[in-house]
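Here the structure of chain B is known, so what remains is to put chain D in place on it, guided by the hints.
There are 2 protein chains.
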Amino acid sequence: MINTSIITIGDELLIGQVIDTNSAWMAQQLNKAGIKVNRRIAVGDTADDILKALDEETLHADIVLITGGLGPTADDITKPLLCKYFNGKMIVNEAALANVKYLFEKVFKREITERNIKQAEVPDVCTVIQNKRGSAPGMWFEKAGKIFVSMPGVPHEMKGMMEDDVIPELRRRFDLPFIEHRTLMTFGIGESAIADMIQEYEESLPENIKLAYLPNYGMVRLRLTVSGSDKATLDKILDEKFSTLQQLVSANIVTNLDEKMEGVLGKLLVQKNKTMCTAESCTGGYIAHLITSIPGSSAFYDGSVVTYSYKAKEDLLQVNHETLVEKGAVSEDVVREMAKGALQHIGSDYAIAVSGIMGPGGGMPDKPVGTVWIAVGNKEKIVTQRLHFRFERQLNIQLTAVNALNMLRKFILDN
Amino acid sequence: MINTSIITIGDELLIGQVIDTNSAWMAQQLNKAGIKVNRRIAVGDTADDILKALDEETLHADIVLITGGLGPTADDITKPLLCKYFNGKMIVNEAALANVKYLFEKVFKREITERNIKQAEVPDVCTVIQNKRGSAPGMWFEKAGKIFVSMPGVPHEMKGMMEDDVIPELRRRFDLPFIEHRTLMTFGIGESAIADMIQEYEESLPENIKLAYLPNYGMVRLRLTVSGSDKATLDKILDEKFSTLQQLVSANIVTNLDEKMEGVLGKLLVQKNKTMCTAESCTGGYIAHLITSIPGSSAFYDGSVVTYSYKAKEDLLQVNHETLVEKGAVSEDVVREMAKGALQHIGSDYAIAVSGIMGPGGGMPDKPVGTVWIAVGNKEKIVTQRLHFRFERQLNIQLTAVNALNMLRKFILDN
Numbered sequence: 089m090i091n092t093s094i095i096t097i098g099d100e101l102l103i104g105q106v107i108d109t110n111s112a113w114m115a116q117q118l119n120k121a122g123i124k125v126n127r128r129i130a131v132g133d134t135a136d137d138i139l140k141a142l143d144e145e146t147l148h149a150d151i152v153l154i155t156g157g158l159g160p161t162a163d164d165i166t167k168p169l170l171c172k173y174f175n176g177k178m179i180v181n182e183a184a185l186a187n188v189k190y191l192f193e194k195v196f197k198r199e200i201t202e203r204n205i206k207q208a209e210v211p212d213v214c215t216v217i218q219n220k221r222g223s224a225p226g227m228w229f230e231k232a233g234k235i236f237v238s239m240p241g242v243p244h245e246m247k248g249m250m251e252d253d254v255i256p257e258l259r260r261r262f263d264l265p266f267i268e269h270r271t272l273m274t275f276g277i278g279e280s281a282i283a284d285m286i287q288e289y290e291e292s293l294p295e296n297i298k299l300a301y302l303p304n305y306g307m308v309r310l311r312l313t314v315s316g317s318d319k320a321t322l323d324k325i326l327d328e329k330f331s332t333l334q335q336l337v338s339a340n341i342v343t344n345l346d347e348k349m350e351g352v353l354g355k356l357l358v359q360k361n362k363t364m365c366t367a368e369s370c371t372g373g374y375i376a377h378l379i380t381s382i383p384g385s386s387a388f389y390d391g392s393v394v395t396y397s398y399k400a401k402e403d404l405l406q407v408n409h410e411t412l413v414e415k416g417a418v419s420e421d422v423v424r425e426m427a428k429g430a431l432q433h434i435g436s437d438y439a440i441a442v443s444g445i446m447g448p449g450g451g452m453p454d455k456p457v458g459t460v461w462i463a464v465g466n467k468e469k470i471v472t473q474r475l476h477f478r479f480e481r482q483l484n485i486q487l488t489a490v491n492a493l494n495m496l497r498k499f500i501l502d503n
Numbered sequence: 089m090i091n092t093s094i095i096t097i098g099d100e101l102l103i104g105q106v107i108d109t110n111s112a113w114m115a116q117q118l119n120k121a122g123i124k125v126n127r128r129i130a131v132g133d134t135a136d137d138i139l140k141a142l143d144e145e146t147l148h149a150d151i152v153l154i155t156g157g158l159g160p161t162a163d164d165i166t167k168p169l170l171c172k173y174f175n176g177k178m179i180v181n182e183a184a185l186a187n188v189k190y191l192f193e194k195v196f197k198r199e200i201t202e203r204n205i206k207q208a209e210v211p212d213v214c215t216v217i218q219n220k221r222g223s224a225p226g227m228w229f230e231k232a233g234k235i236f237v238s239m240p241g242v243p244h245e246m247k248g249m250m251e252d253d254v255i256p257e258l259r260r261r262f263d264l265p266f267i268e269h270r271t272l273m274t275f276g277i278g279e280s281a282i283a284d285m286i287q288e289y290e291e292s293l294p295e296n297i298k299l300a301y302l303p304n305y306g307m308v309r310l311r312l313t314v315s316g317s318d319k320a321t322l323d324k325i326l327d328e329k330f331s332t333l334q335q336l337v338s339a340n341i342v343t344n345l346d347e348k349m350e351g352v353l354g355k356l357l358v359q360k361n362k363t364m365c366t367a368e369s370c371t372g373g374y375i376a377h378l379i380t381s382i383p384g385s386s387a388f389y390d391g392s393v394v395t396y397s398y399k400a401k402e403d404l405l406q407v408n409h410e411t412l413v414e415k416g417a418v419s420e421d422v423v424r425e426m427a428k429g430a431l432q433h434i435g436s437d438y439a440i441a442v443s444g445i446m447g448p449g450g451g452m453p454d455k456p457v458g459t460v461w462i463a464v465g466n467k468e469k470i471v472t473q474r475l476h477f478r479f480e481r482q483l484n485i486q487l488t489a490v491n492a493l494n495m496l497r498k499f500i501l502d503n
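Note that the protein sequences, when read in sequence, are chains B and D.
Residues in the first sequence are numbered from 89 upward in steps of one, following my numbering.
Residues in the second sequence are numbered from 89 upward in steps of one, following my numbering.
Think of the hints as simulated: they come from the structure by calculation, not from any bench.
One thing to keep in mind: the hints can contain errors.
The list treats identical chains as one, so a pair stands whether inside a single copy or across any two.
Stated by the list, open to error - With a Cα cut of at most 25 Å, we get these calculated DSS-like pairs of lysine-lysine: (1) Lys231 <-> Lys140; (2) Lys247 <-> Lys206; (3) Lys399 <-> Lys360; (4) Lys428 <-> Lys362; (5) Lys197 <-> Lys455; (6) Lys234 <-> Lys140.
Pulled out of the complex, with its shape left as it was, chain B reads as follows (with noise of 0.2 Å):
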């Protein structure tokens, strides 16, 4: 088995200033190509840190995949370290510097500098990796049987990267091992009564395949994995293995594919030609984002009312004053007409509504912060319920879109 390590530089990333979405996306498109992912190391922009984790990860992989440290500014250190590292000098990359130039003349139409200019330098012990769609070239680099790998840490730059030329080489260097997964998703069921409910399968589960939990806002992910060379054979196990976790699981089951609650909800709008609109007070747009970042939720979804205060409920949903006077925004009554305003003036199929406290502010003595009404139906039937969250305000945000989102999906094979 190929073993990689994974260092991505930067000193924004041991502030906490970002948050390291690049390894995530490598290890998964990785593993995808049957290449497993050992370590992940975070450094700052510091000589020594870097160069003690290059050292380091050279005795725990056959390749290392360095991301961050490329950009023209002097904090950035990583290309005239690793020039030093594998014994090189800079040159000038012709194919870089033609690149560079038709970025700033053609693209971003600003003018070219120096510092610019000095991007297209490269180690000459390197195979340049051009980017398509920055400045700053990728470099692969060979030493003692192991491979190296540096690519800019902005992420679009770092995935065309990876996809048109790191992984497609790769692929041709080694002889990759088959890895494949299968994922299924529960809702509203704890890991351990999970873990309780399966544990004589689990024990069963032959050493190739490993069965992983992965708790998320109220779902729960149950992962297979095997590894190894005969494809037919494990392809074969793993389906038989996987069939039966999912009758095991079957009253709690969501989706047997690795999906997210709002992709499986689109498919059976889809699939029963059916549309969507929601109208939304605490959750504030989320569950519309949630709902169009999938490409082609046009198909089912037709929009979105989100209304903070009251005159927006009044005017856009024509919830009536005095419901919201008597009952409060956070009402039973008050979703379900927020519903049934969304059903009548967006005209979809079925429609959402919720209202609730996120925190941290807002919470009353018989509605505490966490409080939340969510509404589902469509113009025959609308059915609500009350939830209460204890966490802090993004959490609990979350949670009520996932919540809603499933209270429809159940609502939609019901009815």
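Frame of chain B; chain D shown alone:
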């Protein structure tokens, strides 16, 4: 200076199924307390890899913070492994047991299982950190002058322990140095152009002040960091240098605080005692989500109409059917009418309207993927702008949102 390594444990991190947000948050909090994070390492749920990481990080750091692998299921092996590593034996912790029982009986209202009870077992060689938000206790170990703290991977449980117990205890143990950051945000100017503008300034900075460039979605953050022991002197020099930096980039500065674009806009509205609303097509509720993620945003934000379909644009915003048919949904006239409709129906002082083609599909010869029209204004005046982004769907959505927010910010300042 006290050095820290963060080890995150979990196979899900190495196959990219989850993005590690814990490390960034931990690093932020530690930095504020004057504790430096030197390295972050992610390893899988594999005994050898975890043990190797513990050994190695002991060499790099004074404090090793560990998250993950404490769940109740068979893939969670961190606790028994730490027990062995520190030569302990497992015993029941009575307070942890009482907590687990309380959670299942009173909060989750689910039957408690043997697995949950086992979560109250801890190595006898650790100091237990009680978990007020979940069932897995934290563990504080010491060995050869080094501190090791193991916490659950569930973000809000880890955050609670860090805030309530770990950071206060570290403050008591160490005479921590003073670390201070000053961050400003620019918009509409590239990293290298800024670097050229402030080259002399950057070269003149004293040894103990570091400047970092953090580009993100069209914004570039500039961060000055100072560390040392004499707070009064360091504060003074940092303030002076930060003041000069602000003057140098004054044409492009959005804020001289480490805050988000939506936060800057919100404060401006509150200060002027005005409200705003949004009419979103292509961003699908993302602008509303950004704004409503700010606690207290109801003070300046009335709501949004997310109109994905022609019908929703006509019904909810009174966009003319003829305009849609003649000019297309992605056009100056349509965003202008959307903004007018939102101002009229939601009744806010200011509105943002956006319509565009975010990809991957939907492009046309005269309106390729990435084309966006934005309108911002009030009842007296509406201004529009056409932009073109060259990225994938999510990034195009994010860039549209931040550009629209900045356009309204500038409109308010100018009008």
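Going down the list of hints, with the structure as the test:
For a Cα distance limit of 25 Å, the shortest separation of Lys231 from Lys140 qualifies both inside one copy, at 16 Å, and across copies, at 24 Å. Only within a single protomer do Lys247 and Lys206 lie at most 25 Å apart by alpha-carbon distance; the minimum there is 23 Å, versus 43 Å between protomers. Proximity of Lys399 to Lys360 under the C-alpha cut-off of 25 Å is restricted to the inter-copy arrangement: shortest distance 20 Å between copies versus 35 Å within a copy. When the C-alpha separation of Lys428 and Lys362 is checked against a cutoff of 25 Å, the pair qualifies only within one copy, where the shortest distance is 17 Å, while the shortest distance between copies is 30 Å.
In this homomeric assembly, Lys197 and Lys455 come within 25 Å of each other (Cα to Cα) only across copies, at 20 Å, whereas the closest approach inside a single copy is 55 Å. For a Cα distance limit of 25 Å, the shortest separation of Lys234 from Lys140 qualifies both inside one copy, at 16 Å, and across copies, at 20 Å.
This entry satisfies every hint, going by the numbered hints stated previously.
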